[in-house]
Amino acid sequence: MDTRDGSMEEALTFDDVSLRPGRSDILPKDADVSTRLTRNIRINIPIISAAMDTVTEARLAIALAREGGIGIIHRAFEPERQVAEIDKVKKSEYGMVVDPITMAPEQRLYEALEVMEKYRISGVPVTKNGKLVGILT
73 MDTRDGSMEE ALTFDDVSLR PGRSDILPKD ADVSTRLTRN IRINIPIISA AMDTVTEARL
133 AIALAREGGI GIIHRAFEPE RQVAEIDKVK KSEYGMVVDP ITMAPEQRLY EALEVMEKYR
193 ISGVPVTKNG KLVGILT
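With positions in the sequence shown counted from 1, the corresponding number in the numbering used here is that position plus 72.
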């Protein structure tokens, strides 16, 4: 990889490395496998998912982000669906959904089912005046 000063940094591919089974004095928690994705972005695991419609959608991108990697949402979706997938990833944080989709107690059950199907979610919090009063699953 080229650096700012023009020098080269060592980079390895899968075929360049062979791991021998055996005991190690390095504990997994002490191993640093982070890598630089761009000049300004460092990721904690050296894994990027393929930007293919059969590989990366929100679920995989969320799972990779939680482990310190990155998932590239493919472009086979129409723009609105791309935005929806990215929104799912951005709203998900450490197993919790930030700014979740909610419903009011007055809303109908079929509306909740439509929301769950549209966003592929298994439950919807029911709130009244900003306070949680139930969860539909």
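There's no promise every hint is true.
Straight-line distance between alpha carbons at most 30 Å, and here's what the computed DSS-like set of lysine-lysine pairs gives [claimed, not checked]:
#1 K163 with K190
#2 K190 with K160
#3 K203 with K190
#4 K163 with K200
#5 K101 with K163
#6 K162 with K203
#7 K190 with K101
#8 K160 with K203
#9 K203 with K163
#10 K190 with K200
#11 K200 with K162
#12 K162 with K190
Distance ranges between label pairs, derived from CB positions [what the hints assert, rightly or not]:
#13 R138 with L204: 17 to 27 Å
#14 R138 with L91: 17 to 27 Å
#15 I173 with G94: 41 to 51 Å
#16 E139 with M80: 21 to 31 Å
Worth flagging that the hints you see were computed from the coordinates, not collected in a lab.
Remember, predicted model here, so these are calculated numbers, not experimental data.
A virtual CB, placed ideally from N, CA and C, is assigned to each residue, including glycine.
Margin query: Name the hints, by number, that the structure is in violation of.
Written below: 7
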